[in-house]
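Chain B: place on chain A using the hints.
Each protein sequence line maps, in turn, to chains A and B. Counting in our numbering, the first sequence runs from 2 upward without gaps. Counting in our numbering, the second sequence runs from 706 upward without gaps.
Hints are computed from structural coordinates only; laboratory data are not their basis. This one's a predicted model, so the numbers in the text were calculated from it and none came from an experiment. Errors might be hidden in some of the hints.
Listed next, with one range per pair, are the computed distances between beta-carbon atoms [unchecked claim]:
| # | chain 1 | residue 1 | chain 2 | residue 2 | range |
| --- | --- | --- | --- | --- | --- |
| 1 | A | V54 | B | P744 | 25 to 31 Å |
| 2 | B | A806 | A | V54 | 26 to 32 Å |
| 3 | A | V54 | B | R889 | 49 to 55 Å |
The beta carbon of each residue, even a glycine, is placed where N, CA and C say it ideally should be.
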Amino acid sequence: MSVSGSLPSLPAPGAGTGAGTDLASVAGERWTGRPIALVDLLDRLLAGGVVIVGDLSLSIADVELVRISLRALISSVDESLPDWRY
Amino acid sequence: MTSATPETEAAECRELLYVYAVLPAGERPCGPSAPALPPGVGGRPVRFVRGAGPAAGLAAAVGEVPAEDFGEDALERRLEDLAWLEDTARSHHAVVEALGAAGPVLPLRLATVYRSEPRVRAVLAERAAEFASRLDRLTGHLEWGVKVYLRRGGARPSSPEPSGGGAAAAAGSGTSGRDYLRRRRAQRRSEEDGWQAAARVGERIDAAVGPLVTAARRLRPQDPRLPGASAGAGVNVVNTAYLVAEDRSEEFRALVAREAAREPEVYAEVIGPWAPYSFAADADVAADPGHDDADGSVGDDSGADGGGSAGGPREAAV
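The shape of chain B in the complex, shown without the other chains:
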């Protein structure tokens, strides 16, 4: 290790630091992986990098990852690999969840990678004030997801042939073009009705939980073709993340259930609790273009810490 040959340099470059989360340094061990933490991305152990100077109260949970996976071009290639993406996402989540079970945690977006510890410390120092206040705000909170679905089939006309054409008409093949068009129209109208009913339930849920939740953020409705997106057999119409104080979680879930029960063709699913992924970023960051069509309707009310707020649900609650 006296002089860095090209080989050793290359070897060093093969390891990168994957950052999972920022958290209060508190009593967290600063050294090697705490035994309670699950292995991180690539099965690698997780450890902490403690901040210095303005970031003395903060730490980052990190783990080494191979540059073959996370280097410049590699990452892009890897993202095409669903199995790899899933492994990485689940490992990231497992670490964040374990950290979150022990205290407040600020999860980072998937695949945030640095070349060295000093670089991680520099970023902690740079954004120390923001990280600290955000951690403060998230303390004692959980994220819950609410997904409102239109029942598959629920939107379709229950009697497919309003013109009374009998079984032949219902079969569809032997009918006139006009019958077909009429049927299509009825079906479309019914779909729209169902869609609106689901959207309405989403709004009612917003209104009902508004006074109770700390913040809310609309996520993009999930494509029904994605595995897990069509739980039950429905189409996801509304997908919202709520930031809820831990001790209000049961109340929150009961309200969601109550509102969802009002429309027969609609059902809702509560998923969670999650670490506050959807509320970890600043409002301006949350409005990033990768998430454009979903943000803004409810909004992260991060600008209104403490005070009354302009958050969507509260407005809707009036």
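Okay, chain A solo, but in the shape it has when bound:
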């Protein structure tokens, strides 16, 4: 799993005004045509959106679960990640 830069270009289906194709870096960074990063998407789909109680819907606990499993997954799969602590 690549972390930055070199992700293959996967245009989102039906993306007309797509976030992926209109992704601008400012302040000296080059314009990149990166696809929509999953993390940006999940920021919006799991923390945004109207919350209505479905018959079966994603509870907050599930959302936390997603975050936890994403973390676990990514740090276990990609051990080549630099050890950047902040």
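For chain B alone, coordinates are given in the frame of chain A:
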């Protein structure tokens, strides 16, 4: 289909209705999937359920999904599966985006599922007034994301050994404990400085775009280990969503660029435009505990429709 045997009942239960978004019923076709819409979750077609009574002006974009994936226990299990989660999220987004390209749309949180159409209609009716006013407020707006990063390495001391120990000291191994501690301290100080510089840029951006944006909401900074979180090679310090009128978007981006350029170790990325995901919920809903540590600093100023507002960016702009 005369009498429901246990089998047919079970078969019916295998399909659930996934709800993508609420939108004005307007001229939207009410029947089968409009051709312009991409396939939804699980590759299934998307169609509309029109509201009735108080919700007559509203519709929900829905699609059938298998209960194997979205049923009670299944969903929890599925969420552990990154590939499934990604497919589902991208399909959800593709549908919302296509709807949003045609007009105002109120995206729902991922994986909101109902057992039947009547249940969807009931919810539309129940919250019709709220949905309508929110759609009204979002009309003509886009969401833009701004992520401020501290350059990886930008925070580290450019000359690692201030005590002038030369190459050996820079190599780090052959130096005294005191040198090491001093170096660590310098590095930490530098990291903190960088972190503060990034936070400052975030605040300056808030202030600069404050008079221009309709609302703003802080999101949780992204864990640098997540793919896509460390664009460029930096650490995300500030992650904000802004609700911007469509015709102010260029202006908005220019202001962000201007502010971001002021600190050399910091850069900013503008992502979008998005459907207004981060502004679809009510203020009280937006402050949900799943998002606790991020909300509140900027805030969704939904309580201030129309009037002047208490939104963070505006305050900061003064």
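Evaluation of the provided hints:
1. Distance hint for A:V54 and B:P744: a CB-CB separation of about 26 Å, consistent with the stated range 25 to 31 Å.
2. For the pair B:A806 and A:V54, the beta carbons lie near 28 Å from each other, so the given range of 26 to 32 Å is met.
3. Judged by the Cβ atoms, the range 49 to 55 Å given for A:V54 and B:R889 holds: they are separated by roughly 50 Å.
Hint check: no violations occur; every hint is consistent with the structure.
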